[in-house]
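In order, the protein sequences belong to chains C and D.
The numbering of the first sequence is the numbering used here, which starts it at 1 and goes up by one.
The numbering of the second sequence is the numbering used here, which starts it at 1 and goes up by one.
A hint or two may mislead.
Computed footprint of chain C on chain D, listed as stretches where at least three residues anywhere in the stretch have a Cβ under 8 Å from a Cβ of chain C [as the list claims (entries may be wrong)]:
| no. | region |
| --- | --- |
| 1 | 28–40 |
| 2 | 70–83 |
| 3 | 120–129 |
| 4 | 138–152 |
Bear in mind the hints are in silico, worked out from the structure with no lab data behind them.
Here a beta-carbon is modelled for each residue, glycine too, at the ideal position from N, C-alpha and C.
In case you want the letters, here they are:
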Amino acid sequence: MKKIILFFLVFNLSTDFFSQDGAPGVISGNIQAIGQYYQEDTLISAALPEHLYGFNGFANVNFQKGDFRAGIRYESYLNTLEGYPTSFNGTGLGYRYMSWTGDGVGVTIGNFYDQFGSGMIFRAYEERQLGIDNSMDGIRLTYEPKNGIYLKGMIGKQRFSFQDKLINGNGIIRAFDGELNLNELLDSSNSWKLKATLGGSFVSKFNTDNNTTLFNMPKNVGATCLRMNLRYHKIRFSGEYVHKINDPYPDQNENFNYIYKNGEGILLNLGYSTKGFAIDFSAKHMDNMLWRSTNVNVGPTDLLIGYLPALTKQHTYNLAATLYPYATNFYGEIAYQLDVLYKIPKKTVLGGRYGTSIAVNFATAHAPERKFISDMSTSRNSYTTSIFAKSDSVLFQDFNIEIKRKINKKLKLNLNYFNFIFNDDAVKVAGYYKMIYAQIAVLDLTYKINRYHSLRFETQAMWTDNDKGDWLFGQIEYTFSPHWYVAILDQYNSGNSDLNKRIHYGLISGGYINGSHRFSLQYGKQRAGVFCVGGVCRTVPASNGLTFSFTSSF
Amino acid sequence: MNKIFLSLSLSLIISIGYSQLPNINLKDVNGVTKNLSKFSNNGNPIIISFWATWCKPCKAELNTIAEEYDDWTDETGVKLIAVSIDDARSSTRVEPYINAQGWEYLVLLDPNGDLKRAMNVNNVPHTFLVDGNGKIVWDHNNYSPGDEEELYEELVKISK
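Next up, chain C with everything else stripped away, as it sits in the complex (with noise of 0.2 Å):
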């Protein structure tokens, strides 16, 4: 506490010397708050642990003047919450930086979160659902030396887990990025049509983890990123390519463990778009690109230094969503993904009074096309790849149709087709470990009663022969504007092959909004799977009983 009372402190003090407008700082914040109690339900395998509750709290506090900024994050694991990483415990400080910008120069210390990109080379980031926290705990400047230039260089450990208080991996990451904006450095070429952007970043690790005395292991792994963004009119194209060297982790597929093959990726995107229309086509490159700051075993989120954009739509409708989601494999994956976009005009034939979107998207990964070498006794590279050249072997496949039309003034409508092919022998998520073909369909209506009533309605349904079978959903939701709302669903595995797993997953919801302040408590069951944010994913325990959250800011 003291620690804490002394750092408000001297920030406090030392801004009071720099005030030059002598206006207040501004203090700010949020919380977030879940906690859950948990029931046995051996129907549905939850087990009950022996705490009964558990808990995961977050407090940030932020405090700024003029150009200067700092907070603190305040964090409860107690105890962690069912199926959220064990790492995580206790309560405690987890996040603390100051900073302070002027005359183009900015300067972090503490913990900060960056991304160079599209975030392939380096991203630090919190995805606090999935419990992904890497946060850079150092020292980071940026610089603007000139209009259209923007540089940053930053050094620091990672954060890794949390035992009453942050604790940093043992690897020391040094990152640099520089950013060029041609019609921001060049005044006369605002008046050009063509607009350009060039970057590039330089990342490298020094780590000495080392798990085996087998093999010499390198103790600093650097990686190189060259990146552009153009655009003329209505089209516009990035790149991005991502060179990695030898970085060994072990692995139990004998053919990726401890390889010394360099790791390369590239994301390219080409997009037209105008009013009621739009295209975007996307292609992925990635091999061996597994990147982080340590090179001994840790949890699948633990230490990543990389991101590893998925290239599929995420998907929110619930078995879309959450039975067979897909992440980005790192060992390596070619990708393609389309996008088409289009609104019939409204006070059409088709198009009906309001107009009508739909939205359609395609998205493959295959595995790469690999041709073993056998030098796993000299220089272990295991393997040779080809740009773009990918296998027959279909690691996902996503085709879906989104199509949203007002009614009237009252009725909205959203249907929605999906058709996943999900290689689970390679991705390993849903354990049944067999490829899995599934179809859903989705039919959703809001009715808005009056000014403050309105009603939805979600009906699912998923048919496959794979895995557990079919699945039905359904959804009604009340809400009241502005304060309350009211929800109660149910899924069900209707086509279970074993009769005594066709089961109900019943949950009723309510919330209390006011403002900033959000109330929620929620009662049923929730079934073993995986949850997905941006394209990342985590397995999730069965669990059933009460959750009570609560989210505020001010």
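Position chain D relative to chain C; hints supplied.
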């Protein structure tokens, strides 16, 4: 120590309640860097709405406001800034989506949550109403059909 703590607490209390927009650089969909603390709407109000392409209530809110946006700007001079928190996985969908929907908002990209953290946003949708002096006068962390009416009433109140 107690005295210091007391005076410190007092100085903190005094400063609570005064708001200003954070000094953070974000890019718009054209790659142009914008700083929110330097953003001015000539003394007219600003709505800042945090959203993502994967957030259904967020899109419902912004699409509903889009239908009335012309009237709102005519009556109050308001500008809406839609801050997308989509990360690298989905940020390429932002521009196609806003064009296909025909939004006329200023859309900023916050792929690593810098502004989201600075404005203490826990989850999306979270919508702020900022008056002509850069002070946050109203915010709401949810969207249910009808919430836009409350926002509009607040907006009219500060535009008088």
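Hints, one by one, checked against the model:
Remark: the region 28–40 of chain D is confirmed as covered by chain C, as 4 of its residues place a Cβ nearer than 8 Å to a Cβ of that chain, reaching the required three. Chain C is given as covering the region 70–83 of chain D, and this is violated because 0 residues of the stretch bring a CB closer than 8 Å to a CB of that chain, at least three being needed. Only residues whose beta carbon comes within less than 8 Å of a beta carbon in chain C count, and the region 120–129 of chain D has 5; three or more means the coverage holds. Counting residues of the region 138–152 of chain D whose C-beta sits closer than 8 Å to any C-beta of chain C gives 11, which meets the bar of three, so the coverage hint holds.
Figure legend: structure checked against the earlier numbered hints; the only hint not met is number 2.
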